[in-house]
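Undergrad: Model the full assembly from the supplied sequences, consistent with the hints where possible.
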Amino acid sequence: MSQRKTARWIIGVVILIIVIAAGGVGYYYQTQQRPAAPKIVTYAAISEMVTLDPSTEFSNSIMVLCNLYEPLIWYKPWMSPPFVPGLATSWESADSSQTWTFHLRQGVKFHDGSPFNATAVKYSIERAMSLGMGAAYIWSPVKEVNVLDTYTVQFILSSPTPLDVIATASYAAWMISPKVDVIAKSAGFTSASDWFNAGHDDGTGAYTITKWDPQSEVVMQKFPDYWGGWSSDQFDTAVIRVVRDETVQEQMLKSGEIQIAQQVPFADIASLQNDPNLKVNISPQYQNLVGMFNNKKFPFNITLIRQAVSYAVPYQEIVTGVLHGFGNQSIGPIPYGMPGHFNDLPQYTYDMTKAKQLMAQAGYPNGGFTVLLTYLTGDSREQGTAEMLKSSLKDLGIEVDIRAMTWNEQWSLAQGDAMKAQDIFVMYWWPTILTPYDFLLNLFHSETTPVFNLGYYYHPEFDQLIDQAYAIEGTDKTQAYTLYWKAEKMVVDDAASLFLWDLTDIHIVRSSISGFKYNPAYTTTVFFYQLHVAG
Amino acid sequence: MPKGIWQYTARRAIHAFAVIVGVLVITFVVSHVIPGKPAALWVGAHPTAEQIQRATEELGFNKPLYEQFYIYVTNLLRGDLGVSIRTHDTVLSDVARGLTSTLELIIAAFVIAIGAGIVVGVFSASKRDHVPDHFGRLAAIFSVSMPPFWLAMIFQIVFSQTLHWFPLAGRMSTDVSILYPLKSITGFNLIDSLLTLNFVAFQDSLWHLVLPALALAAYPFGLTVRMVRTMMIEVLQENYTRSALAWGLPGRLILMKYALKNAVSSTIIALGMSFAYTLTGAFLDELIFVWPGLGTYTALSILSLDYPAIMGAVIIVAIFYVVINLLVDILQAFLDPRVTL
Amino acid sequence: MIQESSESDAGKRQRFREIRVFLRLTLENSLSTVGLAIIVLFIIIAITAPFIVPYPKQAEGTPEIANQLLPPNWQHLFGTDELGRDLFSRVVFGARISLVTSASVVASAIALGLPLGALAGYYGERIGAIIMRVTDMFLAFPPLLLALAVAATLGGSLINAVLALIITWWPWYTRLAYGQAVTTRNLPYVDSARAIGVGNFRIIVRHILPATLAPILVQATLDLGSAIISVAGLSFLGLGAQPPTPDWGLMVNTGRTYFLQHWWYATFPGLAILILVLGFNLLGDAIREAVDPKLSRRRLI
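Chains as they are written, first to last, in this note's numbering: chain Z, -6 to 528; chain U, 2 to 342; chain R, 459 to 759.
Since the hints were made in silico from the structure, they are not lab data.
Even for Gly, the Cβ is constructed at its ideal location relative to N, Cα and C.
Accuracy of the hints is not assured; some may be wrong.
Said to hold, decoys possible - FRET-style restraints, in silico, Cβ to Cβ:
no.: 1; chain 1: R; residue 1: 530; chain 2: Z; residue 2: 222; range: 52 to 60 angstroms
no.: 2; chain 1: Z; residue 1: 479; chain 2: U; residue 2: 70; range: 51 to 59 angstroms
no.: 3; chain 1: Z; residue 1: 410; chain 2: R; residue 2: 664; range: 52 to 60 angstroms
no.: 4; chain 1: R; residue 1: 530; chain 2: Z; residue 2: 340; range: 37 to 45 angstroms
no.: 5; chain 1: U; residue 1: 97; chain 2: Z; residue 2: 224; range: 41 to 49 angstroms
no.: 6; chain 1: U; residue 1: 76; chain 2: Z; residue 2: 192; range: 45 to 53 angstroms
Unchecked claim - Not everything, but these chain U residues come out facing chain R in the computed CB check (under 7 angstroms):
no.: 7; residue: 23
no.: 8; residue: 33
no.: 9; residue: 34
no.: 10; residue: 146
no.: 11; residue: 148
no.: 12; residue: 150
no.: 13; residue: 154
no.: 14; residue: 158
no.: 15; residue: 276
no.: 16; residue: 277
no.: 17; residue: 315
no.: 18; residue: 320
no.: 19; residue: 322
no.: 20; residue: 324
no.: 21; residue: 325
Unchecked claim - Within a straight-line C-alpha distance of at most 25 angstroms, the following computed SDA-like cross-link-like pairs (lysine to any residue) qualify:
no.: 22; chain 1: Z; residue 1: 204; chain 2: U; residue 2: 75
no.: 23; chain 1: Z; residue 1: 387; chain 2: R; residue 2: 703
no.: 24; chain 1: Z; residue 1: 470; chain 2: Z; residue 2: 135
no.: 25; chain 1: U; residue 1: 38; chain 2: Z; residue 2: 409
TA: Rendered as structure tokens:
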């Protein structure tokens, strides 16, 4: 009996070995079969994407859209002036910037083969305006778009507006082929919007989309007829992979599984800088962290107390400790590098003596109250900043209750009754269009119902200043920026909010790739067309 | 077949259904009580007030609560779980995708846990009160005491970061997914890759599965070892085993045939009862290994207050949970005559 | 009257014997001694925490940026965190939080569930059925989801996490107590007590409740361990303790961002959880073996 049993065991083991061996052979055969690897570059993004309609998209898909589409004008902050011809080669304004004329680039094709011309411009702008979603409001001053001839288009505005700035926007300013409606219908979609969001594109950009799985992976293929031409060391395929965890991004970057990482833990960057296989790119980012004071509710309705607290923040320690040196203390409400940032604005420093003086002046030499500070749950930099603030304000006798909340909850709380809202709302801000007006309008302009002015700073003189500045920005930039300076000084002097720190962008690229240069005007984006296989 | 088992099953089934309805109502109420404007999530990052208002109307969030619930339930009965505010995809497709991912993980973990658990449990019981038994019991109790999220991180540091044996996170490598794209048939990567003879994808998926499954298997492993050991000891003490020994049957035969059968059935019941804990562990495991499953989906939905997604995920999990419990209850009634029907 | 007192005499003697045997069995088991030792050690550490830690202020949250993310050394046995705080001090302080929160969860769950179950089991019929239906409903709800739902609604904080867990846990004790109550209710001496006219309340307190003690004790000891892991899990998800509280789960969560290059941050708090839970499980297991008639039968005889 046991002989039979042993025999059965032996047969079983032999079969198992054969199966594994067969698998191994199949594996080997498969790897040999693989066609020559196309040149692929993979970029790890920290957040997922959702929609892909270029007229309405207002979120993370920007990193995809920037490669599929092009605007009339590009904004490149390292150039002077920063306006670089995109699909428009030259432009001029008239009637104190109420009329704008753009001369378009010739010989440009859309991905569907049709030519780019003035009709396409008219179509794109009007589509964005009629859909009215996302960043469409940037076109609200546009009264008419006129096709003057095949390659000339004219905008008539209802009020003076810097349309050149608007045309560089990373949202709602993309040029789309007028054929999309027809293409969408023939592909069986009810609208072009649905067609876009299902993972299609029709722009003039260097790449076109081949795989759209927005929660995990987006794959783009090169558009051979791109007007800029191609060289052999550029990449045929660009992949954006969603990796939500910065630690995992770092790991994948080091192992070579991805070639570009959007975000890695700041604490580890110093060691990554020593890695010869990696190149750490440091650049300003047009994003900053503010702590909006609740200007309506005690204690922050008292200017002296706001100023006192502004002197009690250990700014440098936060930058070195929480940001590990990769950031700057804010000077005013506009981040470093952005138009409208002024280095000569007054700045609060960490000065406990002054802080205590101001508190005494306000009548609260020993503090004695509790305030609520809310910040975004899961954001380690906001968390660290909040903890530093809490510890520091204790010295003033102010007890800070720090609470992590989801964005939605935080926002809801602040939009409700100001008397029940948080006292300090810690949040990021970044611009839709590259003018200080974007920051100043959204964060500090009076509102009837709170949207983003979550500090409830309502001052008509301030409103007047910035509205006027925006109106003349198109024609008289110098004067406009003088007015912006005045307005910014006002909010700083008033300590309308805490001006905490400006973000620094750190993209890390493997040394096998050259040509990467981060453009803060197009946040999070890697322009794959600019990349080359390093020699 | 025990008497009255059909009635018992029917009663438990009705009960299970009532529970699911209860879950539905509670989750709906809770998720709408949390303050927040879900429509804002739909629109994007810096929406204007009018855009939010418009989206609120379009998505029906301004309707009274009971009306929203009614609409939700009627859609649910038609199989429409709504559209996720965060991903703009149907909740059904999102959840289906996440479900197969998570199931692959849980099943792998259970396979490891049961396999290793039975072996260790049997060995421990056969060498009772000797050194191997102590090791077995210690292993069991350590496994059961492990915080699942911590064990996952330790595995990452040791086996991935330091030893480079296994990948750190994810379900598949980027290069493999592009160069050897895997066609999704069942949603289970291991099965799909074998079905399409995609051996490279099979190896890659398997390697990515090892660490998360091991981390998740700890608790059920410990439980299995303990149950198997206890049952084996109990059975070995039973009279009929002693008389079998008296009759001279070889010891190993007794161990294998009689004791193991009893042990296995009780283990399955115990594992069913540990399902709740394992589900929790799977959630945390997914977060750490960035596993694109239902756990990650639910966590992201909760963080962004994506009501339809939260409801959908919760319902699916609840259904699973309730069904497993039901099966375990029925199995228990079937196998253990002491259970009163 | 006569019968009751003679019952109580014999009953008392029986119970004394049981307790002695129980204690002997528990302590004889070396594993359980280890478990008990661990628990006692942690309790002592928790009570004396402010006096024994090297950096009490940092334990409570005062940052010291200059020392951020230092590996374990003689000044900082467990290293420091991202704000320079000594991890050893914070882990020790975390013991207080873990012990207090798990004790609160278990005690409250028992306080809520035990009387409900005893009442349901004793009175049976309508009251019993209603109570048990509700209990079953809660039991069938996936525990994580219930805890998540409550914690998410109430907002993230340690107290809310404890509340969420109490709501999740009380049904287990109800069911346990119910089972015991039903068995005990039908015992002859209880029947006769009722027949003489002893009040229901007295019967419940003097006979039913004591009978539930043993299984509840076992479950409670094991649950103390599970509660620690559950609170840590909720804190890990951001729904429990808020910074700068030195909660173990929160520390493992924050440590995640740094652990690839700073392994100590997440390792030590997690280790603390493991050891304390191990202690409870060892003790609980030993108690269960001592209490389980089947396993200990041979020894008693």
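Undergrad: Does each hint hold? Answer for all of them.
TA: These are the hints, each one checked on the structure:
1. R/530 <-> Z/222: 52 to 60 angstroms: holds (57 angstroms)
2. Z/479 <-> U/70: 51 to 59 angstroms: 53 angstroms Cβ-Cβ, so the 51 to 59 angstroms window holds.
3. Z/410 <-> R/664: 52 to 60 angstroms: Once the Cβ atoms are compared, 55 angstroms apart, the range 52 to 60 angstroms for residue 664 of chain R and residue 410 of chain Z holds.
4. R/530 <-> Z/340: 37 to 45 angstroms: holds (39 angstroms)
5. U/97 <-> Z/224: 41 to 49 angstroms: Because 44 angstroms falls inside the window, the suggested range holds.
6. U/76 <-> Z/192: 45 to 53 angstroms: violated (25 angstroms)
7. 23: With a minimum Cβ separation of about 5 angstroms from chain R (threshold 7 angstroms), the hint on residue 23 of chain U holds.
8. 33: It is violated, given that the least Cβ distance between residue 33 of chain U and chain R is near 10 angstroms, above 7 angstroms.
9. 34: With a closest approach of 6 angstroms, the residue 34 of chain U hint holds.
10. 146: holds (4 angstroms)
11. 148: Since chain R brings a Cβ to about 5 angstroms from residue 148 of chain U, closer than 7 angstroms, the hint holds.
12. 150: It holds, given that the least Cβ distance between residue 150 of chain U and chain R is near 5 angstroms, below 7 angstroms.
13. 154: holds (6 angstroms)
14. 158: Hint on residue 158 of chain U: holds, closest Cβ of chain R at ~6 angstroms, below 7 angstroms.
15. 276: Since chain R brings no Cβ nearer than about 9 angstroms to residue 276 of chain U, farther than 7 angstroms, the hint is violated.
16. 277: holds (5 angstroms)
17. 315: holds (6 angstroms)
18. 320: With a closest approach of 10 angstroms, the residue 320 of chain U hint is violated.
19. 322: This hint holds: residue 322 of chain U lies near chain R, its Cβ roughly 4 angstroms from the closest one there, short of 7 angstroms.
20. 324: Nearest chain R Cβ about 11 angstroms off; hint violated.
21. 325: Nearest chain R Cβ about 10 angstroms off; hint violated.
22. Z/204 <-> U/75: violated (34 angstroms)
23. Z/387 <-> R/703: With a Cα-Cα distance of about 16 angstroms, the restraint between residue 387 of chain Z and residue 703 of chain R holds, given a limit of 25 angstroms.
24. Z/470 <-> Z/135: holds (20 angstroms)
25. U/38 <-> Z/409: With a Cα-Cα distance of about 11 angstroms, the restraint between residue 38 of chain U and residue 409 of chain Z holds, given a limit of 25 angstroms.
Checked against the numbered hints above, the structure violates hints 6, 8, 15, 18, 20, 21 and 22; every other hint is satisfied.
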